[in-house]
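S.K.: The primary structure of each chain is shown beneath.
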Amino acid sequence: MILSVNDVRKSFDGAQILRGISLSVNKGDVVAILGPSGSGKTTFLRCLNYLEIADSGRMTFSGIDYDMHSLAKKEIAAIRKRTGFVFQSFNLFRNKTALENVTEGLVIARKMDKKEAREIAEATLRKVGMLDWASHYPSELSGGQQQRVAIARAIATDPEIVYFDEPTSALDPELAGEVLSVMRMLAEEGMTMVVVTHAMDFARNVSKHVVFMENGVVVEQGETERIFSCPEQDRTREFLRLEEKL
Amino acid sequence: MSERLIGILTDSFFKILIPGLTVTIPLTIISFALAMIIAIAVALIQFAGVKVLKEIARFYIWVIRGTPLLVQLFVVFYGLPNVGILIDPFPAAVLVFAINEGAYCAETIRAGLEAVPSGQMEAGECAGMSYMQIMRRILLPQALRISFPSLANSIISMVKDTSLAANITVTEMFMATQRIVARTYEPLALYVEVGIIYLIFCTVLSRVQRWGEKRLGRYRI
Ligand SMILES: Nc1ncnc2c1ncn2[C@@H]1O[C@H](COP(=O)(O)OP(=O)(O)OP(=O)(O)O)[C@@H](O)[C@H]1O
Ligand SMILES: [Mg+2]
Numbered sequence: 001m002i003l004s005v006n007d008v009r010k011s012f013d014g015a016q017i018l019r020g021i022s023l024s025v026n027k028g029d030v031v032a033i034l035g036p037s038g039s040g041k042t043t044f045l046r047c048l049n050y051l052e053i054a055d056s057g058r059m060t061f062s063g064i065d066y067d068m069h070s071l072a073k074k075e076i077a078a079i080r081k082r083t084g085f086v087f088q089s090f091n092l093f094r095n096k097t098a099l100e101n102v103t104e105g106l107v108i109a110r111k112m113d114k115k116e117a118r119e120i121a122e123a124t125l126r127k128v129g130m131l132d133w134a135s136h137y138p139s140e141l142s143g144g145q146q147q148r149v150a151i152a153r154a155i156a157t158d159p160e161i162v163y164f165d166e167p168t169s170a171l172d173p174e175l176a177g178e179v180l181s182v183m184r185m186l187a188e189e190g191m192t193m194v195v196v197t198h199a200m201d202f203a204r205n206v207s208k209h210v211v212f213m214e215n216g217v218v219v220e221q222g223e224t225e226r227i228f229s230c231p232e233q234d235r236t237r238e239f240l241r242l243e244e245k246l
Numbered sequence: 001m002s003e004r005l006i007g008i009l010t011d012s013f014f015k016i017l018i019p020g021l022t023v024t025i026p027l028t029i030i031s032f033a034l035a036m037i038i039a040i041a042v043a044l045i046q047f048a049g050v051k052v053l054k055e056i057a058r059f060y061i062w063v064i065r066g067t068p069l070l071v072q073l074f075v076v077f078y079g080l081p082n083v084g085i086l087i088d089p090f091p092a093a094v095l096v097f098a099i100n101e102g103a104y105c106a107e108t109i110r111a112g113l114e115a116v117p118s119g120q121m122e123a124g125e126c127a128g129m130s131y132m133q134i135m136r137r138i139l140l141p142q143a144l145r146i147s148f149p150s151l152a153n154s155i156i157s158m159v160k161d162t163s164l165a166a167n168i169t170v171t172e173m174f175m176a177t178q179r180i181v182a183r184t185y186e187p188l189a190l191y192v193e194v195g196i197i198y199l200i201f202c203t204v205l206s207r208v209q210r211w212g213e214k215r216l217g218r219y220r221i
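Listed in order, the protein sequences are those of chains W and G. The end of the first sequence is residue 246 by our numbering, with every number in the run present. The end of the second sequence is residue 221 by our numbering, with every number in the run present.
Please note that the accuracy of each hint is not assured.
[Said to hold, decoys possible] In the EDC-like style, the derived pairs of lysine to aspartate or glutamate whose C-alpha atoms are separated by at most 16 Å in a straight line are:
1. Lys127(W) <-> Glu140(W)
2. Lys81(W) <-> Glu122(G)
3. Lys160(G) <-> Glu122(G)
4. Lys15(G) <-> Glu213(G)
5. Lys73(W) <-> Glu52(W)
6. Lys73(W) <-> Glu122(G)
[Unchecked claim] To give an idea of the interface, some chain W residues facing chain G are shown, with a C-beta separation under 10 Å as derived from the structure:
7. Ala78
8. Phe90
9. Arg126
10. Tyr137
11. Ala154
12. Thr157
13. Tyr163
14. Arg237
No lab work stands behind these hints, which were simulated from the structure alone. C-beta atoms are modelled at their ideal positions from N, C-alpha and C, and glycine is treated no differently.
Take these sequences, add in the hints, and give me the full structure.
M.R.: See the structure below:
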């Protein structure tokens, strides 16, 4: 098991957003997190990478146990160096080219040799089909292209797990397709991924596990096939029925 | 125009221009460079919300922006000797201009930092970078890019404000002009002349600004 979190809780201004979420991820797993808007999916993912600090919860990541509420800056830095995060709104560094967006984390955060970083970055950009755009700035790229560079940035550091927060929600269907096919390729290569998504096709066909969240709790989770074919909870069934209709 | 006047104007042109090039311009450049260092430090302190330092930064900006530049010059040059601190005219002017401009530019840069979307910081954190690394390589460059037109405005204002240094015996362009006026009794022609030289300096700076914006501007903010 590469990641396991237990009983994650988080409130904002007295409102409980996460009411005890637990999740386990094995190496090579693709876990899809589904749920209606406002159910706390983004908040949960942000807690996993400490962009938000949970009120309580335990995490075991790569064999080390952490108290999610109180851990040292150094521990957070160490965890982040071994994870990748892909945002809904891409968040590419606007003052850096596509290539520099990828090398930044290697050269600056991980003190890698510049030449080696460049080679890795180029190989990663090639993988996501963006090598030809290496010297372009984010403002010169389409949303789909930006998201593919963002994925390259997240995976170039050879992370043990990559978190995706609705990576295609800000994109037209056509552009979403190119991003989803990159993610599918990563899944086939055995990348461990936790993906918050509304893309039901992706969840159904690529993910191994599905977690259905609502109001800050996990309503149901299990093997993808089982969740889609015979969900146990009425809420899950209803959610899937509505989503499939869209 | 009389031949005498033309003679005075051509004769005085270089007498005014030379203190412009040797005093006004260096005074502006040195003061502005120091002001930028102060401004970036003060902006970072405020942006990061460093506890006690933040209060000091607010106090500094409050005092400097709330008092006239001329008063500040007089306090430092004529006032401080009372407590045994004597500073030569030029360094005193540099000190006051740097501290004064630093307060205004600090606010400009702080606003620039706040205009950078929070996702830029978060992306840096997720890439494993430290706060200072993100600040130096991602946030500050973007903030300076955003602030660039305002900062260019500030330096253009400063070229003109250096004329106040005449009041503390710095022989910059304006004082040089006053001296020639005292000798020749041609205030209209000579003050217009020095005005034109200021205008030339500021025009050059505006050009530099436009050129700079183009060079900086390959990425859009
Ligand atoms: N920083 C914050 N401060 C206050 N409230 C917040 C904050 N972040 C999230 N919330 C609240 O927490 C709730 C859950 O938000 P979250 O973004 O985690 O939901 P989500 O499941 O990702 O929804 P969506 O599908 O719309 O992205 C929302 O009601 C939101 O308003
Ligand atoms: Mg969300």
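S.K.: Taking the hints in turn, state whether each one holds.
M.R.: Hints, one by one, checked against the model:
A distance of roughly 20 Å separates the Cα atoms of lysine 127(W) and glutamate 140(W); the hinted pair therefore is violated under the 16 Å criterion. Of the pairs offered as hints, the one joining lysine 81(W) and glutamate 122(G) holds, with about 13 Å between alpha carbons and a cut-off of 16 Å not exceeded. For the hint pairing lysine 160(G) with glutamate 122(G), the CA-to-CA distance comes to about 42 Å; that exceeds 16 Å, so the pair is violated. A distance of roughly 34 Å separates the Cα atoms of lysine 15(G) and glutamate 213(G); the hinted pair therefore is violated under the 16 Å criterion.
Of the supplied pair hints, the one linking lysine 73(W) and glutamate 52(W) holds, its CA atoms being roughly 13 Å apart against a limit of 16 Å. In summary, the hint linking lysine 73(W) to glutamate 122(G) is supported, as the alpha carbons are separated by about 15 Å, within the 16 Å threshold. The interface hint given for alanine 78(W) is met, as the beta carbon of that residue sits about 9 Å from the closest beta carbon of chain G, less than 10 Å. The closest approach between the C-beta of phenylalanine 90(W) and any C-beta of chain G is roughly 8 Å, which is under the 10 Å cut-off, so the hint is satisfied.
At its closest, the beta carbon of arginine 126(W) sits 20 Å from a beta carbon of chain G; the interface hint therefore is violated under the 10 Å criterion. About 4 Å separates the beta-carbon of tyrosine 137(W) from the nearest beta-carbon of chain G, less than 10 Å, and the hint is met. For alanine 154(W), the shortest C-beta to C-beta distance to chain G is roughly 8 Å, which falls under 10 Å, so the interface hint holds. The beta carbon of threonine 157(W) is positioned within 10 Å of a beta carbon in chain G (closest approach about 7 Å), and the interface hint is therefore held.
Look at tyrosine 163(W): its Cβ gets to within about 9 Å of chain G, closer than 10 Å, so that hint holds up. Interface hint at arginine 237(W): violated, since its Cβ lies 35 Å from the closest Cβ of chain G, which is beyond the 10 Å cut-off.
In summary, the numbered hints that this structure violates are 1, 3, 4, 9, 14.
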